[in-house]
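Student: Note that the protein sequences, when read in sequence, are chains A, B and C. Be aware that the first sequence starts at 1, since it is given in the numbering used here, and climbs by one per residue. Be aware that the second sequence starts at 1001, since it is given in the numbering used here, and climbs by one per residue. Be aware that the third sequence starts at 2001, since it is given in the numbering used here, and climbs by one per residue.
Some hints here could point you the wrong way.
Stated by the list, open to error - Cβ pair distances, simulated, as ranges:
{"no.": "1", "chain 1": "C", "residue 1": "Asn2307", "chain 2": "B", "residue 2": "Arg1005", "range": "50 to 56 angstroms"}
{"no.": "2", "chain 1": "A", "residue 1": "Ile354", "chain 2": "B", "residue 2": "His1381", "range": "44 to 50 angstroms"}
{"no.": "3", "chain 1": "A", "residue 1": "Leu351", "chain 2": "B", "residue 2": "Gly1312", "range": "51 to 57 angstroms"}
{"no.": "4", "chain 1": "C", "residue 1": "Glu2018", "chain 2": "B", "residue 2": "Arg1005", "range": "41 to 47 angstroms"}
{"no.": "5", "chain 1": "A", "residue 1": "Pro82", "chain 2": "B", "residue 2": "Arg1005", "range": "42 to 48 angstroms"}
{"no.": "6", "chain 1": "A", "residue 1": "Pro182", "chain 2": "B", "residue 2": "Ile1236", "range": "36 to 42 angstroms"}
{"no.": "7", "chain 1": "A", "residue 1": "Gly210", "chain 2": "B", "residue 2": "Arg1133", "range": "44 to 50 angstroms"}
{"no.": "8", "chain 1": "C", "residue 1": "Leu2400", "chain 2": "B", "residue 2": "Met1290", "range": "57 to 63 angstroms"}
{"no.": "9", "chain 1": "C", "residue 1": "Val2171", "chain 2": "B", "residue 2": "Leu1009", "range": "54 to 60 angstroms"}
{"no.": "10", "chain 1": "B", "residue 1": "Glu1399", "chain 2": "A", "residue 2": "Val343", "range": "52 to 58 angstroms"}
To be verified - Counterexamples of contact, computed for chain B against chain A with all Cβ distances above 10 angstroms:
{"no.": "11", "residue": "Glu1030"}
{"no.": "12", "residue": "Glu1084"}
{"no.": "13", "residue": "Lys1193"}
No wet-lab data here; the hints were simulated from the structure. Ideal Cβ positions, reconstructed from N, Cα and C, are used throughout, including at glycine.
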Amino acid sequence: MKMIKEGAFGPAEAIILLAISNIARLFLPYPRSLVEIGGSAAWMTPLGGLVIALAGVYVMSVILNKYPGKTIIEITEEAFGPVVGTLLNLVTVSFFMAVGSLFTREFSEAMIIAALPETPISVISVAFLAMGLTGAYLGIEALARVSRLSYPYVLGGISVLLLVMIPQLDIHNLFPLFGNGPLVVFGQGAISTAGITEIILAAVLVQAMGGAKQFRSIGFRAMLIAFGFSVALLATLTLSIHHYSLSELTLPFYKLSSMIYLGRFFQRVEAVFVIIWSIVGALKIALTLYGAAVSLARLLKLPDYRPLIWPLGLLIFTFSLLPTDMTATISLDLQFLRPFTFVPNYLFPVLIMIAYWLRRRGSSAGR
Amino acid sequence: MRAVRVCVLILTLMIIITTTGCWGGRETDEVAYVLAIGFDKGEQDELLVTVRVANPRAIAGAGAGAGGEGGGGGAQSTLVLSVESNTPIPTLNLFDISVDRQLSLLHTKAYVFSEELAKEGLGRLLLPLNRYRELRGNSLILVTRGKARDFIENNKPLLELSPTKQFELIRELPGTHGLYSITLFQQFYNDIKSLSMEGTIPLVAIREEGSGTAGMGARGGGEQILGKYTAGEVPIKGGNRAQIMGNAVFRRDRMVGEISGEEARYLLILQGGFKRGKFSVADPLAAEPMSVALMVIQARSSKIRTTIEPDGSVAVDVDIYLEPEIIGIMSGVNYETEENKPILEEAISREIEQGCRNLIQRTQKEFRSDIVGFGKHLKHHFWTSQPWEEFQWLARYPEAQVNVTVHTQIRRTGFLLKTTPIRGGE
Amino acid sequence: MINLKNLLKMISYQENLEREGFILKETKDEQMKAGKDDQKIPPGKKEGSTGEDKKKHGRRSFRKPVPSSGANEQKSGEFDLISVFLEENRKTITQLYDLPKNKDVVIRNFTIGTAPPVRCFGLFIDGLTNTTLQDLLFQAMMAFAEQTSPLGRGKLVELVKESLLPGNQVVVKSSLRDILDGVNYGDTAFFLEGCSKALLVETKGWERRGVERPQIEQTISGPQEAFTETLRTNTALLRKLLKSEQLSTEILTVGSRIKTYVAVMYLRDLANPDLVAEVRRRIEGIKVDFVADSGVLEQFIEDHPYNLNPTILSTERPDRVASKIVEGKVAILVDGSPLTLVVPTTMYEQLHTGEETYRSWQAGTYIRYLRAMAFLVSFLLPGMYLSLVLFHHEMFPTELLLAIAGNREKVPFPSIIEVLLMEFSLELIREAGLRIPGVMGSTIGIVGALILGQAAVQANIVSPILVILVAITGLASFAIPYYSLAFSTRIYRFFYIALGVTLGFFGIAIGLFVHGILAANLKSFGAPYLAPTGPRTEAGADVITRLPVFFHEKRPDYVNPQDATRQPRVSRQWIKKDKGD
């Protein structure tokens, strides 16, 4: 089987790539559901998710280290045999596609609500997909470099936003301290925030990132950065806007950026954040498209993944237009996608571990 | 040739894009900017909506042209229009047909509601406004005594070239005098949904010509109080007839009363948001009733401590720290000396304490609404939201026990270190 | 009578047989080529293809035209050997150079003053040679050569070379092609009777421009010399800065019809040998008629010819090239071009000038940040203004917006047309400014820019804000030191304008993303274009923030030289105070 020609990039870029990909969901209606779960303690909800994500990274790194030089696709096939392995890999590919379509739709809707009310959604979706196609075509190396290039502006922009809101923070909004109750906050919040795509994405990209040895440290650091930003953002949100009215907003981050007021001249600068959003959205869509194409190519043992980009991109575009309206999209996100993320990210590694032990036990029993 | 085909493709794309219009790109000369919008109770329909629209051509012309023309050269720098209708936002389309442009609320700095509407409840107006994309969460919200249309029509700021500057300045001014407590749209919206405090909105009014100095709430003890008026009553002659002073007090989303300028100051002091303002206090040592002028600065935020008794009653202790500076002693008594200063400080403390207590009495008995925000500090006692919501603080507020203590420390006495008496022949 | 004839001639119709004048017809070879193309149509196509099809096929196959006198190639193969007989040589030369019509070439017959005297002739091109030097040579051979010569075969040439010719570079050649190449470039060739070899003496000396101040890259501090068009002068300028025996100059030739000499200079113990090999490979792998300038060579050897960003640095300052060679890069000098190419390069390097190197690091850092902002402004500003004014009115402070709106009320055009008008006029002014004769230059500049802008504003064709905007954009693009990069931003600006007009800030973000990813994908001779931020290599000390000179311990990482350290950790040894003193 010919090796797919992937570029190579170092751990610094990998961390930033994964972190930005994870932060992407903060710009969407997603924090609103966290505020509903947590109430005034919404900022605590990612903490439980962080623990689960770190555990997931650890399990995945153990698996990857057992099969050095291979990505998760080949490992699944090896562990489960051709038929079941292929089926599971198809689930992974469809997972990437689902994430891609939903995110395209949500980012396009967000863009319409926030910045371009009169533009038809297909135009914005096409624009996002064109960006994603370009990125996926030019390869993971180019994507990693662009994320490295833009991270001062993205992360710096978010930090500036959080700092600039300091005059408007009201510490009393944090109380009652545990919001809707610690069980709900940590339990439900953990389950909601742990639904990320980066673990499986990193596992597919592991060869380009420098091998399985670095996986654990890259994964840990990326998770820490991403969840750290989630906590900071949710804290600022709760502190500025009371959680009761916060749970009404469609785009909490946008509302936050529209509240900036530094004197008569520096107000309503949320258009600048539109730029940050778009870049993060384009990166995320390019990454999921790339992940889907590479997984499918490895699955089908093709020498190059590039021919698959165009049809997969078209599929993502079509699927993104399927949900009927914004509320349907959001409920689809919450009820379908969040549980679905647990399957390839957490369930598969556990299954592979079990299969690995069974096999080892089988082989040691055979001796 | 490949190059030619690529060029043809790009050109076709550009033609397609540009001939179908640019999806929502609106030139600035296709849009009319609403600077202030007012809502009244209509006679035939539900609402009477008034808008003040900017006329950019006149503004630019007045700025760039030779001086002296100003607004009198025929072109007014703003227009005022009003119409009756049912709902706030779709009315904008009605205005479009008269102005021939699309109205945009992107730069609306003030939302003015009339007293009548406020008394009936602002919730049903605020909810649709908050959903609208063009709304600025940072804009002012105001309640007028009388009709909003009169206010908007008669509000003619004379010193500002641009009509929006006035509202921006209004927003900054409480830092210097504290005669009204500013509320932004977003803040008020939060407050009407919050369980821990109720909202207040600054009061504005147009001063009627020739009215006397009939003020509300003439209080016993000290006609020396500066801000005993509410908006519309201050007997200033000349200048802009619009005045802003005092606040309207709300319970849920209904207006239940007004507080005067002085009481607004006490409100701010209690909340810790008072920065500085010029007070006048009755002179304790003077022979005749005279006043001492002070620049009062709130040094530290007020400390509010709350305790909840097991039987559910609440006790609140408020400590206020003030650091006034003497800026004028009419009686000539030498307050800068060691013996006299504490007397003055004592007088100040007592007066302000009394004022605060009166205000709190009024909010408890008359308005029955917690506008200071003690509930926010009470939240600290609860660990989760459930019990806090069951506690129903706002219903318990009238029974709460509130104690106010003021600590005053006069820091500076201005340019004069000593006041010597006036001497001379008889 | 005559007058009647003239009258008749005036009123009657005289056919003008010469109306078409001179037509440049196809030569016989080209007709043959077109005929051959017909046979090249693949059999799958149907017969009776229209003339249009034929033309299309003719255009599709990128065929390089063979010189119309293709017979020449065959001839020169036969005649590549020098004959022993002087007469034959003379005849060959006369035929090759088309003497006596070709007046540039001179054949000087003379006799060498040995005993017995030997007949020979000298061949050179008038105007390319240094006449003083040639006089010395002729003098030496004709007047001072009085000694008996062993007239052995082949020994005569050696004798002349060793003892008689005082020129400082004398080579013996036996191939006529080499002789012709040398003579064409200014050498003098001497053909001797009875020798099948000829001598080439280096006598180059033509009118050339002296070393002047740099025209394009002016700095306040640092050396003020610039390269000229002569290859030897340029290599000498570099040699006098880099006085090392490790500095190698390899001379390659490019061009099949006209040879151009290309010098590749690098430090042998520093430059990565793979890099040098790659440069050599690319230059030798070019098959072209004539390379006129280093710019043409650059376009032939660059990695990404379709991308707007330049991936090769070309400069006219020897001090800049010298500092880059010391970093481990390779310089390519093309004869006849005052611009030298340096590879590999990154985008950040193209934004550096000598101002920062020769002055304090604080000034350098400040200028660099200013330049970075100018770089961004030069392509983003019009697009962002348009997207703000059309889509995001809320971002302006209200008073500014009302001022802009007020000024725009008077303008009859939509914003996009305004911007395009102003941009177009600015580009016109720029192009015109390049070609105005020096005398009127500054006057017309003032006329063009000031009065055009002022009059346009007063005629209410554009709003004054737009004039300021376009002027700032123009100034910002002049602040970019590297001309090709500035040019690419001029073109990108239009893309951003188109994107900003259709999709507002989202369009700008799309542009930034695609621009960034295309730039991040570029490679310049193996070095990533956006190092050290693209791929995170070791942070250089001199990318945007310039650290003090004593911190520049390592060479830039992406060059991968043989020796990465250039300074020890403590480069200012005088800081260390003696202990115990």
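Student: Hints first: check each against the structure and report whether it holds.
Tutor: Hints, one by one, checked against the model:
At roughly 19 angstroms, the beta-carbon separation of Asn2307/C and Arg1005/B lies outside the given 50 to 56 angstroms, and the hint is violated. A hinted range of 44 to 50 angstroms for the beta carbons of Ile354/A and His1381/B is consistent with their spacing of about 49 angstroms. Range check, Leu351/A to Gly1312/B: about 55 angstroms between beta-carbon atoms, so the 51 to 57 angstroms window is met. The beta-carbon spacing between Glu2018/C and Arg1005/B, approximately 42 angstroms, falls within the hinted interval of 41 to 47 angstroms.
Our hint of 42 to 48 angstroms for Pro82/A and Arg1005/B holds, since their Cβ atoms are close to 45 angstroms apart. Between Pro182/A and Ile1236/B, the C-beta spacing of about 57 angstroms breaks the proposed range 36 to 42 angstroms. Distance hint check for Gly210/A and Arg1133/B: the Cβ-Cβ separation is about 45 angstroms, which falls inside the suggested range of 44 to 50 angstroms. Taking the beta carbon of each, Leu2400/C and Met1290/B are about 49 angstroms apart, not inside 57 to 63 angstroms as hinted.
For Val2171/C paired with Leu1009/B, a C-beta distance near 57 angstroms keeps the hint of 54 to 60 angstroms intact. For the pair Glu1399/B and Val343/A, the beta carbons lie near 56 angstroms from each other, so the given range of 52 to 58 angstroms is met. Consistency note on Glu1030/B: stated as away from chain A, and its beta-carbon is indeed over 10 angstroms from all of that chain's, at 12 angstroms minimum. Non-interface call for Glu1084/B relative to chain A: holds, since the shortest CB-CB distance, roughly 27 angstroms, exceeds 10 angstroms.
A beta-carbon of chain A comes within 10 angstroms of the beta-carbon of Lys1193/B; the shortest separation is about 5 angstroms.
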